[in-house]
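S.K.: Chains as they are written, first to last, in my numbering: chain E, 1 to 283; chain A, 1001 to 1283; chain Y, 2001 to 2283; chain F, 3001 to 3283.
Worth flagging that the hints you see were computed from the coordinates, not collected in a lab.
Keep in mind the model is a prediction, meaning the values are calculated, not measured.
It is possible that part of the hints are untrue.
Lysine-lysine pairs mimicking DSBU-like chemistry, simulated, CA-CA at most 30 Å apart [stated by the list, open to error]:
1. E:K251 to Y:K2250
2. F:K3279 to Y:K2250
3. Y:K2089 to Y:K2157
4. A:K1080 to A:K1062
5. F:K3001 to A:K1096
6. E:K250 to Y:K2089
7. A:K1066 to E:K279
8. E:K66 to E:K145
9. A:K1250 to F:K3182
10. F:K3160 to F:K3058
11. E:K160 to E:K182
12. A:K1088 to F:K3251
13. E:K266 to F:K3279
14. F:K3145 to F:K3089
15. A:K1251 to F:K3145
16. A:K1160 to A:K1089
17. Y:K2251 to E:K266
18. A:K1266 to F:K3182
19. E:K60 to E:K96
20. E:K251 to A:K1279
21. E:K80 to E:K1
22. A:K1066 to A:K1266
23. E:K88 to E:K182
24. A:K1250 to E:K279
25. F:K3096 to F:K3182
Selected chain E positions facing chain A (Cβ under 10 Å, derived; list incomplete) [said to hold, decoys possible]:
26. A151
27. G217
28. E234
Beta carbons: idealized from backbone N, C-alpha and C, even for Gly.
Letter by letter, the chains look like this.
Number of protein chains: 4
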Amino acid sequence: KNRGRLLVSCPDQPGIVSAISRFLFSHNANIIESSQYSTNPEEGTFFIRIEFECPGLKEKAKEMEKQFAEIAENFSMEWKFTHVYNIKKAAIFVSKELHCLLELLWEWQSGDLMADIALVVSNHENAREVVEGLNIPFFYVPANKEIRQQAETEQLKLLKEYEIDFVVLARYMQILTPNFIKENPNKIINIHHSFLPAFVGARPYERAFDRGVKLIGATSHYVTNDLDEGPIIEQDISRVGHHDNVDSLKKIGRRIERSVLARAVKWHIEDRIIIHQNKTIVF
Amino acid sequence: KNRGRLLVSCPDQPGIVSAISRFLFSHNANIIESSQYSTNPEEGTFFIRIEFECPGLKEKAKEMEKQFAEIAENFSMEWKFTHVYNIKKAAIFVSKELHCLLELLWEWQSGDLMADIALVVSNHENAREVVEGLNIPFFYVPANKEIRQQAETEQLKLLKEYEIDFVVLARYMQILTPNFIKENPNKIINIHHSFLPAFVGARPYERAFDRGVKLIGATSHYVTNDLDEGPIIEQDISRVGHHDNVDSLKKIGRRIERSVLARAVKWHIEDRIIIHQNKTIVF
Amino acid sequence: KNRGRLLVSCPDQPGIVSAISRFLFSHNANIIESSQYSTNPEEGTFFIRIEFECPGLKEKAKEMEKQFAEIAENFSMEWKFTHVYNIKKAAIFVSKELHCLLELLWEWQSGDLMADIALVVSNHENAREVVEGLNIPFFYVPANKEIRQQAETEQLKLLKEYEIDFVVLARYMQILTPNFIKENPNKIINIHHSFLPAFVGARPYERAFDRGVKLIGATSHYVTNDLDEGPIIEQDISRVGHHDNVDSLKKIGRRIERSVLARAVKWHIEDRIIIHQNKTIVF
Amino acid sequence: KNRGRLLVSCPDQPGIVSAISRFLFSHNANIIESSQYSTNPEEGTFFIRIEFECPGLKEKAKEMEKQFAEIAENFSMEWKFTHVYNIKKAAIFVSKELHCLLELLWEWQSGDLMADIALVVSNHENAREVVEGLNIPFFYVPANKEIRQQAETEQLKLLKEYEIDFVVLARYMQILTPNFIKENPNKIINIHHSFLPAFVGARPYERAFDRGVKLIGATSHYVTNDLDEGPIIEQDISRVGHHDNVDSLKKIGRRIERSVLARAVKWHIEDRIIIHQNKTIVF
């Protein structure tokens, strides 16, 4: 397949689109879809995502990247070329509640999630049967506060061994250490079971019930060292009422969590997300 | 009109509905709509709202209330009869931003808000022209931190003089004192421009922008002494994106504020809301 | 379990609630949740759904029904007692696309669907593995225009043999004959992949694409002899845009179909639906 | 103000973005926002909307257009330059129901609708007071089936006299003749009170009630000769239930109509809409 993507962010100035598109044209690339956004026409930041078809992309990718580096330098760009034939490798971390994992596996089975689910890691055995039934390697790595260091060492080894591109925390209820996060910058996607910044931290459904909210939600975000404070990728909500108790909030919430996480993972896979100052641009 | 409403809450036990409905039947009242809810079948709290038609209601209302008091005592009920012919009198408090006021006036003009908007109070003159143009009394009462006491004295006098049943804070940007709130328990409806409990307090749109949320919202709630912590009546949200700046968040938000507040006020007027332990049951 | 439900519809008149609640009270039943609605206070139709706890319900159910029959006759009621301990038996019919079936199985596995999925019937073999993996009987019954009669004979035999209470058409792409429908009145729930009455009939996503709609939807309804014209139980939509092609509409639509059908089936199981003049009251 | 917009559609081929952006760069234009979409990388149609800042745009606009015409010819483009300082002139047509008109006037007053509402035309007198109160010319033009020709002659004269750029049918309940539509191609925006293609034609709320739908909606579209069949710009829905009668559907619907039409008009004003084969691309 000859489909590629280019993501660029840089200080805004005239001539950026012109330079990029001339470059692509000179390589016979046809732009399929492009989205651009500037925070501010004066002294703002410029962002673009371009998806293109380019005959013989695989062969000339290296050379193109080398040439583009020059343009990039002129405009002080941060940039990334990706090639659709390089399927991204994902690791999914999960605890006891499996609904988010199951949603991802389902999307993956039906061909809607174009990633390679390379392995599933859990601190419980609940998911083993379904995961191994799909011929995906499953690793039981015990984890809790006391043995966090040791668990992460093992997990990081697995990520390296399987050449993982990104990690999905599909209701993985353990906190990750700064070291683990530093090793995987902007590569860990979490689902939090509230519409952040409401109900940061533990037991959000219980707290939503106590507060008597009329909406509950879920938020998918990249993981940073500040708990539940990383760049938000996607959020959604559902309406609830006085007749709902904590259990029914959880049931309703599971449905939101599943779809919010699935969308966030899909956008990440399709290179639709640029992170900028703890926010996301989603093209 | 012979339409009445009965709201009851009491400790749950068998026989409550039977006693209430027998009572209504004995007065030839026909139940039009009833909604019931119990927090828990065992030792929970029972809530019911009944709307009924009763020939000659106006004449026998007093007698009915007297008779019902006995039943109420047996079941330790908190209860309230209301009669639809007694239109509730509302005072609307507003500052500079008029969109919520205009929405309520509009609904009122088109007959969708069955209340008597008896007066509008503001610490600015912006609303005078439109309010007086509709032959509604407008009172300019200067208000700020320094003269809060004095302002509230004047406001309370107005509420008394106009026999106000409830107050709507339609983006009234002043904080009320505990005394003012105590004088109007469960009678002050506020609109807060965020999906609470996110962004309690000032400048919620600015903070929503800084956090990079993908949804913004509004919340209507009864006012208590804890800022933005009163019982939530209604909430709603709209989707936003990276291209939105603070100004466009405010524009989008205004639309949500308008409709959330209008719904909350309508439910209050129709006696659909029971407050229980800092939450609302909305029938 | 001592939980029961009573559904009643009858011509409206004063005294109905009183009579019903007195009856329940006389059997020591405690009303947990009740919802009532009248189409019109004058000469309208009255509907009520009551959920109650009644000590020793199982033993005295027969006697209660017998006694209630007298009240019912006085008010010309259509009525139904159900007992929560009698789990309803469901048959799911499916063709090649499995997403709706999988959703129901999932909800069932996680305890959110309180029915007994007694068998799955399909005119394809695709679903066999997953269904039998859950120890649910799977029957392959070939079906198409030519052999409709023969297929339905076999299907009806299965419904009888397994004592099925209701049938879910979870994207079963065959048309049922009037005979089959007559044998199962108000007992067949279908999911149609459009927001009816838009796009009745075949290929709704293709036609939605051609029309350039900005919303697509799904509708769950009871099956009658008029194709896609039966009483609507639930509908929902999702926003789409110019960048969506038929394939992406189908993907987005699958998510709506799954949740709309799951809600409809859940309400049916919980006896929340009363059918009246080709519409549903959903309590 | 030096803000301009360029809209282009043409057969897709490599080099289009490059040619356009080089052209803009050569005029020192800085691209603020650009959105691009192709129906199909092979033999599809290419669409782009670019918003740019260009010093001295007003002075050199003519020259730029002349130069761009050459590029446009090379790529067989349909194209349009617009200049934000040229505020578009709108005529609003209305009948008796004023909610959509009032919404537009409101947005206009609060600065959210960057158009010049040059006149309001109605076949009733209801709107005169509010319109003239805002110093907008109001014209009463009687219209019905019998005098359609004569009414349209007068209307077309007004559109010409006031140099109107587009017409908004804000619940104008008269049908327009093919001649009127031909004179204003892609310039007439209508609001239809259903989620099209459901309930094409008259009395959609009554028909929605009869069908027992659980959602009602509204659709804004460009007017063509096929009734309610023109390119859809925007749609939205609200949830309704068995307790809603035709009147409450209309009330709920008015809120949807107002916001759907307001969004559509705003997008039209901002040149965000390209019409292609009876569909809209909305950038």
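S.K.: Is it true that the CA of K2251 (chain Y) sits at most 30 Å from the CA of K266 (chain E)?
M.R.: Since the Cα atoms of K2251 (chain Y) and K266 (chain E) sit roughly 13 Å apart, the hinted pair holds (cutoff 30 Å).
S.K.: Sort out whether K1279 (chain A) lies within 30 Å of K251 (chain E), counting only the CA atoms.
M.R.: holds (21 Å)
S.K.: Just to be careful, I want the Cα atoms of K1250 (chain A) and K3182 (chain F) compared with a cutoff of 30 Å; is the pair within it?
M.R.: violated (39 Å)
S.K.: Taking only the CA atoms, is the gap from K3001 (chain F) to K1096 (chain A) under or equal to 30 Å?
M.R.: Holds: K3001 (chain F) and K1096 (chain A) sit about 29 Å apart, inside 30 Å.
S.K.: Just to be careful, I want the Cα atoms of K160 (chain E) and K182 (chain E) compared with a cutoff of 30 Å; is the pair within it?
M.R.: holds (14 Å)
S.K.: What's the verdict on K1066 (chain A) and K1266 (chain A), does the C-alpha distance respect the 30 Å limit or exceed it?
M.R.: holds (29 Å)
S.K.: Starting from K250 (chain E), check that the Cα of K2089 (chain Y) is at most 30 Å away, please.
M.R.: holds (26 Å)
S.K.: Take a quick look at whether K88 (chain E) and K182 (chain E) sit within 30 Å of each other, Cα to Cα.
M.R.: Between K88 (chain E) and K182 (chain E) the Cα gap is close to 20 Å, so the pair holds against 30 Å.
S.K.: Given the hint that K80 (chain E) pairs with K1 (chain E), does the C-alpha gap stay at or below 30 Å?
M.R.: Holds, at about 18 Å.
S.K.: Need the status of pair K1066 (chain A), K279 (chain E): alpha-carbon distance at most 30 Å?
M.R.: violated (62 Å)
S.K.: Would you check the hint for K1080 (chain A) and K1062 (chain A), treating anything up to 30 Å between C-alpha atoms as holding?
M.R.: OK: K1080 (chain A) and K1062 (chain A) at ~12 Å, within 30 Å.
S.K.: For the hint on E234 (chain E), does the least C-beta distance to chain A fall short of 10 Å?
M.R.: This interface hint holds because 6 Å falls under the 10 Å limit.
Violated hints, listed in ascending order, are 7, 8, 9, 15, 18, 19, 26; each of the other numbered hints is respected by the structure.
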